[in-house]
Structure formats: C-alpha cells, structure tokens
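Below, each chain spelled out in residue letters.
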Amino acid sequence: MKFINNSANIKKYINENRLSNDIDTNISIIKEVFSKNDNLICREFSGGRGGNIRCCAFFFDGMVNGQSIHFHIIKPIQQMDSLPKNASLFEHIKNEVISIGEMSEQADISEMARGVMIGDTLLLINGCSKALVLNSKGYLLRPVMEPTSEYILSGPREGFNENVMANLSLIRRKVANEKLKFESINLGEVTKTAAFICYIEGIVNEEVLKRLKEKLSSFDYDSILDTNYLKEHLKKNRFSPFETTGSTERPDVVAAKILEGRVAVIVDGTPVVLTVPHLFLEPFQSNEDYYTNYYYGSLSRIIRVICFMISISLPALFLSLATFNQELLPQTMLQAFAASRQNVTFPTVIEIIALLFIFNALREGGMRMPSGSGQAFSIVGALVLGQAAIDARIVGPITVVVIAFTGISDIMLYKLTSSSTVVRTFLIILSLLLGFYGFVMGLTAVLLHLYSLDSLGVPYMSNVVVFSKQGIKDTIIRAPLWDMITRPFFLSKNRIRKGKK
Amino acid sequence: MKRCMIVLAILFLSAILGGCYDYKEVNHLSMVSGIAIDYSEILNEYSVVIQTLHFSGSATNTDASPLSVEGKGTTIYQAVDEAEKKIGKTLFISQANVIIIGENAAKNGIFPIIDWLLRNEDPSYYIYLLVASDEAGKILMQDKISDTITSLYIEQALLSFDSSSFYLPQRLFEVINVLEDKGQEVMLPAIFFEESEEKKATISISGSAAFKKDKLAAYINANDTFHLAFLLNKISAGTLVKKGVGEDKDAVISLNILSSSVKAQAKVINGKPFIEFSVSPSAMITQMNSSLDYERFPEKELLKKEVNKMLEEKISQAAKKVLNAYKTDVLGISKIVFKTNEPLFKKLGNDFSFMDIDISVKVNIDIRESANIKEKTAGE
Chain A
200 MKFINNSANI KKYINENRLS NDIDTNISII KEVFSKNDNL ICREFSGGRG
250 GNIRCCAFFF DGMVNGQSIH FHIIKPIQQM DSLPKNASLF EHIKNEVISI
300 GEMSEQADIS EMARGVMIGD TLLLINGCSK ALVLNSKGYL LRPVMEPTSE
350 YILSGPREGF NENVMANLSL IRRKVANEKL KFESINLGEV TKTAAFICYI
400 EGIVNEEVLK RLKEKLSSFD YDSILDTNYL KEHLKKNRFS PFETTGSTER
450 PDVVAAKILE GRVAVIVDGT PVVLTVPHLF LEPFQSNEDY YTNYYYGSLS
500 RIIRVICFMI SISLPALFLS LATFNQELLP QTMLQAFAAS RQNVTFPTVI
550 EIIALLFIFN ALREGGMRMP SGSGQAFSIV GALVLGQAAI DARIVGPITV
600 VVIAFTGISD IMLYKLTSSS TVVRTFLIIL SLLLGFYGFV MGLTAVLLHL
650 YSLDSLGVPY MSNVVVFSKQ GIKDTIIRAP LWDMITRPFF LSKNRIRKGK
700 K
Chain B
86 MKRCMIVLAI LFLSAILGGC YDYKEVNHLS MVSGIAIDYS EILNEYSVVI
136 QTLHFSGSAT NTDASPLSVE GKGTTIYQAV DEAEKKIGKT LFISQANVII
186 IGENAAKNGI FPIIDWLLRN EDPSYYIYLL VASDEAGKIL MQDKISDTIT
236 SLYIEQALLS FDSSSFYLPQ RLFEVINVLE DKGQEVMLPA IFFEESEEKK
286 ATISISGSAA FKKDKLAAYI NANDTFHLAF LLNKISAGTL VKKGVGEDKD
336 AVISLNILSS SVKAQAKVIN GKPFIEFSVS PSAMITQMNS SLDYERFPEK
386 ELLKKEVNKM LEEKISQAAK KVLNAYKTDV LGISKIVFKT NEPLFKKLGN
436 DFSFMDIDIS VKVNIDIRES ANIKEKTAGE
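From first to last, the protein sequence lines are chains A and B.
Each residue of the first sequence is one higher than the last, beginning at 200 in this note's numbering.
Each residue of the second sequence is one higher than the last, beginning at 86 in this note's numbering.
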C-alpha cells in the first residue's frame with residue numbers, strides 16, 4: 200500500500216516537472232525519468248561531520264569525465280565541514296564546495312534530464328527541491344582532422360568534428376574579433392539539438408540574417424541529425440535539384456564566407472556547417488583557389504565549370520546528335536561512330552542509360568565498400584564491364600568514352616552530383632524525345648529555372664550576372680587578392696574589405 | 086506542385102506527340118560519301134551512282150569499304166530512291182563528300198540537282214561539286230583510287246588545292262550564292278577519268294567548267310584557271326616560272342606564290358567603259374638558275390618588272406578568252422560595275438552585256454627573298 204502511494208507521489212512530481220524536498224523521493228523521481236536506462240549511474244554519498252549531508256550524483260557512464268566528478272564534486276562534499284551558521288546548504292555547496300567551472304541551478308526536471316543526457320552530472324542535495332547541473336562532459340570525440348570530403352593540397356588541414364563547442368572555437372580562432380557573434384538556438388522538437396547562428400556584425404547581410412532566423416524559428420521537425428535537415432527546410436523552391444544552401448566541414452571556408460557577409464549555421468552532432476546565401480558559382484570555388492597562385496586558381500575554376508557543363512550535357516548531347524541530328528557531327532566523327540556501332544546489341548539510348556547506371560553503381564559501391572575490396576572492384580569495373588562489354592558488342596566504345604568522361608567530370612564536383620544527376624537525366628529524356636531541339640529546350644528550361652531561384656532572398660545567379668569590374672573578380676576567375684577590394688554587392692552593404700588603412 | 090505538373094505534362098505530350106520521331110540509329114543508315122549524276126538526253130532520264138561506306142571488322146578495329154549502287158529515273162529523286170532500295174538502308178546524304186555532275190547533266194542544267202539537294206531532309210551546304218568531262222557514274226563505280234575510296238580521294242584532292250590553284254573547289258553554298266547573285270556565272274572544277282589498258286583507273290582534277298546560268302558552257306584549261314584565280318581572288322598557292330630576264334636569256338627563275346589580292350574598279354576613259362584589275366601577289370624565289378643574283382637590287386627590280394608583265398599578259402589573255410570566246414561572265418563583270426561604279430551601271434542599263442566592257446590588268450608582285458621553309462600542305 201505504501202509502495203503504491205509512493206509511486207503515485209513520484210508521478211505527481213514528474214507531471215508537475217519539479218522535485219520534492221526529500222532526497223529519497225528525488226532519487227526515485229530521477230530514476231523513474233531515466234527508467235530502462237541501464238548505463239545511468241546513481242552515486243549516493245554523504246558529507247559534513249557525521250555524514251549528515253546526503254547527496255546523490257546522477258550521470259551516464261561513458262559520457263562523463265570520472266576524474267572531474269571524483270575530485271571536484273564527490274570528494275569536496277565528503278570532506279566538507281559542518282554547515283556554517285545561517286548558511287543555506289545548497290548555496291554553500293554550490294559556491295564554496297564544488298570546484299567545477301560551469302554549473303547551473305535547475306528546478307525543472309526536464310532541464311535536469313537534458314543536462315544528464317549531454318554528459319553533465321546532476322547533483323541532488325538532501326532537503327533541496329533544486330539540483331545542480333554540473334559540467335562534467337567527458338565523452339569520446341573525434342579529434343580535429345582534415346575532412347575526407349574536402350582534401351586540399353595546400354592550406355589549413357583542420358576540419359570540424361561533431362562537437363558544436365569545439366567547432367565554434369575553431370571558427371573563433373580564425374576570426375578573433377568581438378563582432379563575431381554566435382547566437383544559440385535549439386532545433387528539433389524531440390532532440391532539442393543545440394545549434395548556433397554565426398555571423399560578423401557590421402558585415403553580415405541583415406536581410407539574410409533576419410530571414411534565416413524566421414526560417415529557423417519555424418523549423419518544426421522532431422529531430423535534426425545532420426544539417427541536411429535544415430537544408431531542405433531553408434529551400435524556397437522545394438522541388439529544385441539545385442542547393443541554395445552551402446555546406447562545408449572546413450573552418451577556414453566558414454570564416455571566409457562569413458567575412459564576405461554570409462551567415463553560418465553550426466549544428467551539434469555533425470561536422471557539416473551550413474552557409475547562406477549560397478549562390479550558383481560557389482560549388483565551383485574551392486578554398487584552395489585562394490591558397491595557390493591566382494592563375495592556377497582561375498584555371499581550376501574554369502575547368503570545374505566546363506566539367507559541370509560536360510557532366511550535365513554530354514550524354515544528352517551525344518544521344519541527340521548520334522540518333523537524331525547526325526548531320527551536325529563532323530564527318531570523320533560520324534564515320535568513326537558508325538563504324539563503332541556495327542553489330543552492337545542495344546540502341547544508343549539503352550547503352551547510355553545502362554552505362555550511367557553501372558557507373559553510379561560502381562561509384563556507390565566504391566564509396567561504401569571495405570577498403571580491402573578496392574582492387575577487385577576496380578578490376579571488375581574497368582575490365583569486365585568496360586573492355587569486355589565492348590568486345591561482346593553489348594556497348595559501343597564511343598558510348599563508353601562519353602560516359603567515362605561524364606563520370607570523371609561528375610566526380611570532380613561531388614557537391615553538385617545530386618543536381619547534375621537530375622539535370623542530366625532530364626536532358627537525356629528530352630533528347631530522346633525531341634533530339635537536339637529537346638536538348639536545347641531542356642538547357643533553356645534549366646537556365647530559366649536557375650534564374651528563378653534565390654537563396655534567402657538573394658538571387659541564385661547573382662554571381663553569374665556580374666558586369667562590374669570588381670564584381671567579376673571572384674566568380675569564374677580568382678583575381679589576385681591585392682586587386683579584390685570589395686565584397687560582393689549582393690552579400691554585404693559593408694563593401695570595402697581592403698585599403699582601409 | 087502546379088509547375089511540376091506542367092513539366093510532366095510537357096514531357097508526356099512530347100512523348101506521345103513526338104514519340105521519338107526521327108530517331109535513327111547510325112548503324113541503320115548508309116553513309117553516302119559520293120554521288121555521281123548523269124543525264125541521258127535520248128532516254129530523258131537521270132542515272133545516279135551512289136557511293137556509300139560500309140563498315141566491317143571488330144568494334145574497335147573497323148574497316149570502311151565502298152559500295153557503289155546505280156539507280157535510274159525520270160527525276161533525280163526517283164533515281165536515288167531506286168539506288169536506296171538496292172542498298173536496303175536509309176541513305177544519309179548530309180555528310181556526303183562530293184557530287185560529280187556528268188557532262189550531259191551539266192549541259193542539261195544544274196538547277197534540278199541543286200533543287201534536289203536542298204529538298205533533302207538534311208541538306209549539306211558544304212558538299213563539293215565537280216563536273217566530269219564524260220560520264221560521272223564511271224568515276225564512282227571505281228571503288229578505290231590509289232587504295233583510297235574514290236569519293237574520299239577526290240575530296241582530299243580538293244582539300245589540298247592550296248598547293249596548286251589549277252582548279253577552284255566549290256562547295257554547294259558557294260554555288261548557290263553565285264547563282265542567286267546576279268552578275269556572275271558559276272565555275273566548277275573539272276574532273277577527268279582515264280582507264281588504261283591494264284584496267285588501271287586514274288582520275289585528275291584540272292581546270293574548270295564554266296557555266297552560263299545553270300548550263301555548262303565551256304571548259305577552261307588548268308593554266309587559264311590558275312590565271313583567272315588571280316582576278317577571282319582565289320589564289321592561295323602556285324608556281325610561276327620566268328625564263329630569261331632582260332639580257333640574261335639563260336636565266337630560269339621559279340617563284341612560289343604565297344598570297345594574292347585583287348582590287349577591281351569600273352572606269353570610263355574616252356567614253357569607253359572598262360574594268361581595271363589591280364593584282365598584288367607576293368612570291369618567294371624557290372629556284373634561281375642564273376649567274377646573277379636576283380635577290381639583290383637592281384636585278385630584283387628587273388625580275389619584278391618582267392614577272393609583272395608576264396602575268397599581266399597571261400591573266401588578260403585568260404580573261405578575254407573566257408569573256409569573249411566562251412561568252413560566260415565567271416569574273417562577275419556586271420557585279421563589279423554595279424559595286425564599284427553605280428552611275429556607270431545605271432548609264433549602261435540593266436541589259437548591258439559584259440562583253441561590251443573591256444578589261445585591263447595591272448600586276449604589282451612583291452618578290453621576297455629565298456624560300457626554303459614553306460607552309461605545310463594539307464594532309465601533313
């Protein structure tokens with residue numbers, strides 16, 4: 200009977216989201232909140248003369264720094280003297296006994312639980328209806344290392360990891376300025392993931408910042424496990440294959456972008472940081488362009504743009520010219536093509552679709568397979584599916600060359616792979632239906648679509664349609680830094696970035 | 086969503102209305118490389134020989150071999166249709182290299198041929214036109230000349246005309262331009278076919294066939310074609326040989342023409358209209374058999390003067406022969422009068438004859454030093 204009454208009592212406190220004054224009841228409450236969590240440690244101990252001060256620490260095994268709990272929480276309490284006269288036990292322990300840097304008082308059970316879940320220690324003190332949430336985080340984290348998806352030959356090697364605070368520190372180290380702001384926001388109804396909006400006051404595009412805050416406050420998904428959750432939320436044209444938010448794992452890239460007037464969103468639990476606004480030419484620009492000679496940087500950008508064009512259009516262009524408008528091909532090429540297609544089993548369109556499928560399958564497999572299988576995979580991919588397919592007259596050699604070239608171009612711009620795949624397929628379908636006219640129609644439609652997009656109010660093609668001398672200096676080319684005097688006009692009103700001294 | 090539906094609707098309608106119309110695999114086409122067109126006045130029918138390329142071998146190592154098929158019909162289209170049926174594949178004419186027009190067909194007029202070419206679904210404006218001195222079909226019935234497919238061999242010869250200027254290649258669009266442009270007649274390269282006793286066939290492209298409107302009027306020999314090319318501003322190469330310079334009777338000087346430009350101006354002197362052609366070629370000495378040094382002053386000036394005189398005579402002779410003997414305005418005399426002296430053109434009236442206009446030629450050659458390094462010839 201007593202047990203039933205006690206259980207009802209605990210539920211009452213949980214529903215009211217508060218603690219009682221009795222430590223035994225409070226321990227039961229926390230245990231009930233974390234029921235079925237077997238890695239929760241409940242450490243009861245006492246301090247003061249005669250052990251008359253009872254305390255209990257809750258923390259999750261594996262998420263805390265044990266040394267910190269032992270030396271800065273448990274031991275000082277165990278060794279404390281009796282309570283001075285007229286002193287509050289809770290305030291005395293908080294201010295004079297515990298030697299942990301970051302702590303907070305909590306009367307709210309859900310906030311206590313949240314603290315415990317992110318690696319803090321919850322300290323219950325007998326006779327107090329409040330508890331202390333003490334920073335004792337000590338879970339294992341990936342060290343700061345170079346992001347595998349953004350390798351560069353020269354320049355900073357550090358990359359973000361999954362800890363938001365560590366990520367903030369990486370950015371602050373790059374931009375040591377008091378105008379660098381990190382505004383906190385919790386996202387996800389269930390996960391309550393910590394996120395930060397990062398920008399430089401005075402440089403940031405205020406309109407973009409305002410729109411971003413509005414958009415983030417309306418984020419109502421239950422969780423956010425990666426920044427891509429936000430990407431889709433921030434997209435205005437939700438069916439567009441083009442990304443209107445940028446992402447990077449490199450602090451130097453984020454620093455460079457916010458220095459131009461952009462805003463970054465850093466989310467806990469993922470090394471990928473979002474930047475907005477994100478415009479059309481950005482995926483073609485690499486941080487390495489600024490760390491190498493500007494001639495080489497410009498050439499690299501031009502090559503990337505050409506590769507993107509090839510990646511989206513080459514199979515469709517080839518299909519339209521090879522099956523509809525042969526008269527547009529140079530004579531020798533047409534003869535070579537006609538020769539290579541003698542007795543080939545499948546029509547050109549099936550060849551293209553099949554080879555693209557195989558290429559994507561190989562790429563997908565290559566990305567996710569164990570590293571030991573790589574050699575066998577390459578042999579199967581290159582020899583069996585390439586040369587053998589040609590010899591068996593399943594596909595023509597020119598089609599293989601076209602798809603291989605498309606594949607290489609596509610791999611070069613991995614950030615655009617999703618959009619280029621959609622556009623490529625769209626163009627192939629149109630070319631199949633209408634030939635070269637379909638291809639041109641498709642390209643026009645893609646171009647019109649690109650011009651209709653915007654990234655948080657900034658037209659997506661702003662950095663393409665630039666006619667001013669300064670504006671063009673950081674677009675498809677990378678001008679010397681000594682000649683880049685202004686920030687892009689569409690990003691910041693504070694335009695001058697060089698020559699203020 | 087609405088936009089998405091519109092895009093889907095467009096794709097769907099394209100699929101069902103277009104339905105991959107005109108989709109043709111290249112291996113289902115028969116690549117035409119050359120066409121020979123003859124005309125029989127007696128039978129009043131056209132005979133067309135189509136030379137196509139057929140491919141055999143493995144996918145990576147394919148050989149092209151020629152297949153020539155003849156078709157006959159009252160119209161060219163009918164004749165081609167008959168040939169197509171014999172081949173069994175759709176003929177792909179757009180990338181054909183050459184069209185050889187037989188002498189009779191050329192005399193009958195080239196308008197029907199051009200009309201048929203332009204009505205083709207994929208007309209090729211870059212195809213070369215030639216006139217055969219005899220039957221054109223005989224030429225393309227020869228599979229290969231010097232181990233090269235005949236039509237490709239002829240095209241290669243036309244492409245390398247830079248080294249001779251003894252014939253002036255004409256593509257379809259150039260012929261159409263001349264025909265549409267009143268005041269000038271068409272001039273096509275002439276091709277000759279010979280078969281020796283050992284059944285070894287040879288062909289040569291030499292000289293031109295001059296037309297009056299669309300009908301063959303006369304043949305112009307290679308030398309005259311070369312000299313007319315100066316007035317037509319189509320000289321790109323060629324060799325001049327000057328035997329005897331002034332007192333140095335034994336001298337033999339060979340000059341390689343590098344380029345040439347021409348200016349034409351219609352004038353009236355003593356009430357008589359004439360056109361003055363100012364030709365400015367530049368040449369290099371390629372051989373000099375003489376005890377004197379014609380690269381140095383004053384011998385060089387003397388050589389220049391004599392070469393000018395020689396060229397003036399030869400060009401004038403060739404021009405007068407074509408204009409007065411053959412009575413064809415391949416130089417575009419009427420056009421020059423209209424373009425350079427409109428008052429004179431108006432005064433002469435629309436019906437004036439180009440034969441009423443006299444011509445004078447002035448040559449001012451620029452002789453450079455010795456030339457050992459020459460431009461690459463085509464095919465190198």
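Incorrect hints may appear among the rest.
Said to hold, decoys possible - Restraint ranges, calculated between C-beta atoms of paired labels, are given here:
| id | chain 1 | residue 1 | chain 2 | residue 2 | range |
| --- | --- | --- | --- | --- | --- |
| 1 | A | Ile684 | B | Gly268 | 45 to 51 Å |
| 2 | A | Thr643 | B | Asp266 | 55 to 61 Å |
| 3 | B | Tyr106 | A | Ile549 | 15 to 21 Å |
| 4 | A | Leu680 | B | Thr324 | 58 to 64 Å |
| 5 | B | Lys424 | A | Tyr494 | 44 to 50 Å |
| 6 | A | Ser353 | B | His139 | 27 to 33 Å |
| 7 | A | Thr544 | B | Gly268 | 56 to 62 Å |
| 8 | A | Thr643 | B | Glu279 | 52 to 58 Å |
| 9 | A | Glu413 | B | Tyr106 | 47 to 53 Å |
As the list claims (entries may be wrong) - For the chain A half of the interface with chain B, some residues (derived, Cβ under 8 Å), not all of them:
| id | residue |
| --- | --- |
| 10 | Cys241 |
| 11 | Phe507 |
| 12 | Gln530 |
| 13 | Gln541 |
Unchecked claim - Covered stretches of chain B (in silico footprint by chain A; criterion: 3 or more residues with CB under 8 Å from a CB of chain A, positions within the stretch not fixed):
| id | segment |
| --- | --- |
| 14 | 152 to 166 |
| 15 | 217 to 231 |
It should be emphasised that the hints constitute simulated quantities derived from the structure, not laboratory data.
Even for Gly, the Cβ is constructed at its ideal location relative to N, Cα and C.
Here's how the hints hold up against the structure:
Restraint check, A/Ile684 to B/Gly268: a C-beta distance of roughly 60 Å breaks the suggested window 45 to 51 Å. Between A/Thr643 and B/Asp266, the C-beta spacing of about 36 Å breaks the proposed range 55 to 61 Å. A hinted range of 15 to 21 Å holds for the C-beta pair B/Tyr106 and A/Ile549, which are about 19 Å apart. For A/Leu680 paired with B/Thr324, a C-beta distance near 59 Å keeps the hint of 58 to 64 Å intact.
The hinted window of 44 to 50 Å between B/Lys424 and A/Tyr494 holds, with their beta carbons roughly 49 Å apart. The hinted window of 27 to 33 Å between A/Ser353 and B/His139 is violated, with their beta carbons roughly 56 Å apart. Distance hint for A/Thr544 and B/Gly268: a CB-CB separation of about 57 Å, consistent with the stated range 56 to 62 Å. Our hint of 52 to 58 Å for A/Thr643 and B/Glu279 holds, since their Cβ atoms are close to 56 Å apart.
For the hinted restraint 47 to 53 Å between A/Glu413 and B/Tyr106, the CB-CB distance of approximately 50 Å keeps it satisfied. Proximity of A/Cys241 to chain B is violated relative to the hint, the smallest CB-CB distance being about 53 Å (cut-off 8 Å). For the restraint placing A/Phe507 at the interface with chain B, the shortest Cβ-Cβ distance is roughly 22 Å, beyond the 8 Å limit, so the hint is violated. A hinted interface residue such as A/Gln530 counts as satisfied when its beta carbon comes closer than 8 Å to some beta carbon of chain B; here the least separation is about 5 Å, so the hint holds.
Here the hint on A/Gln541 is kept, as its CB sits about 5 Å from the closest CB of chain B, short of 8 Å. Only residues whose beta carbon comes within less than 8 Å of a beta carbon in chain A count, and the segment 152 to 166 of chain B has 0; fewer than three means the coverage is violated. Given a C-beta distance limit of less than 8 Å, the hint that chain A covers the segment 217 to 231 of chain B is violated, as 0 residues qualify and 3 are needed.
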